[in-house]
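End of the sequence shown = 182 in full-length UniProt numbering, gap-free, step of one.
The hints are simulated quantities; they were obtained by calculation from the structure and are not laboratory data. Just to be clear, a hint being listed does not mean it is correct.
Here are the computed lysine-lysine pairs in the DSS-like style, where the Cα-Cα straight-line distance is at most 27 Å [what the hints assert, rightly or not]: (1) LYS164 / LYS109; (2) LYS14 / LYS31; (3) LYS120 / LYS164; (4) LYS39 / LYS109; (5) LYS120 / LYS71; (6) LYS71 / LYS164; (7) LYS14 / LYS117; (8) LYS39 / LYS25; (9) LYS71 / LYS25; (10) LYS39 / LYS14; (11) LYS71 / LYS39; (12) LYS25 / LYS164; (13) LYS14 / LYS71; (14) LYS39 / LYS164; (15) LYS109 / LYS120; (16) LYS117 / LYS71.
Distance windows between CB atoms, simulated [what the hints assert, rightly or not]: (17) GLY46 / HIS87: 33 to 39 Å; (18) ARG47 / PRO173: 15 to 21 Å; (19) ALA123 / LYS39: 25 to 31 Å; (20) PRO180 / PRO82: 39 to 45 Å; (21) THR151 / TRP35: 26 to 32 Å; (22) ALA123 / ARG154: 16 to 22 Å.
We treat Cβ as the ideally placed atom computed from N, Cα and C, and that holds for glycine.
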Amino acid sequence: MVGPVVCCQPVMSKVMLIGQAPGGKEGQFGKPFAWTAGKTLFGWFGRLGLNEEQVRQRVYIAAVCRCFPGKQASGGDRVPSPAEIDHCSTWLRAEIELLRPHLLIPVGKLAIRQWLKADKLSAIIGEQYRIEAYGHAADLIPLPHPSGASTWHRTEPGIGLLTKALAAIERHPAWQAIRPND
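Make the full structure from the sequences, and use the hints.
Written out as structure tokens, the structure reads:
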């Protein structure tokens, strides 16, 4: 893992967004989803009535791993090892125990796999699940990773399933509670 640790500003929220791990640029900006994937992700939330600043002020943003895992030999970002995931799990556990979120939004397979078997995104994106996270019951609505390297969310069935997932998030009472009053 390559420092610095990247975390969000503390937000007391019943909505928790859980990323995989910071990318190579997030450390210099000191916030998660600060680069290309973030632009896409916040664009999705813009469709639900919240811009990036509003999301950052109203949604607690966490991650499975807190430091950039580094590059793999082929050039892409390295997937954190099970030991690295386990090492960082105490942070995620503490955040969930403290915030007791009503809605968890894991982004990408690594984050989703903390609670669901995720062999194929098409089998799980677009659905809402009731799960137990560290002794706390919550709803979980997974999203695909918004990486520019991924085409899944830009082709079918990904386009339709992403739209379905975003609609489920928008309907969720915890999301409704953080939306601006029109």
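Legend entry - Numbers of the earlier hints that this structure fails to satisfy, in rising order: 6, 12, 13, 21
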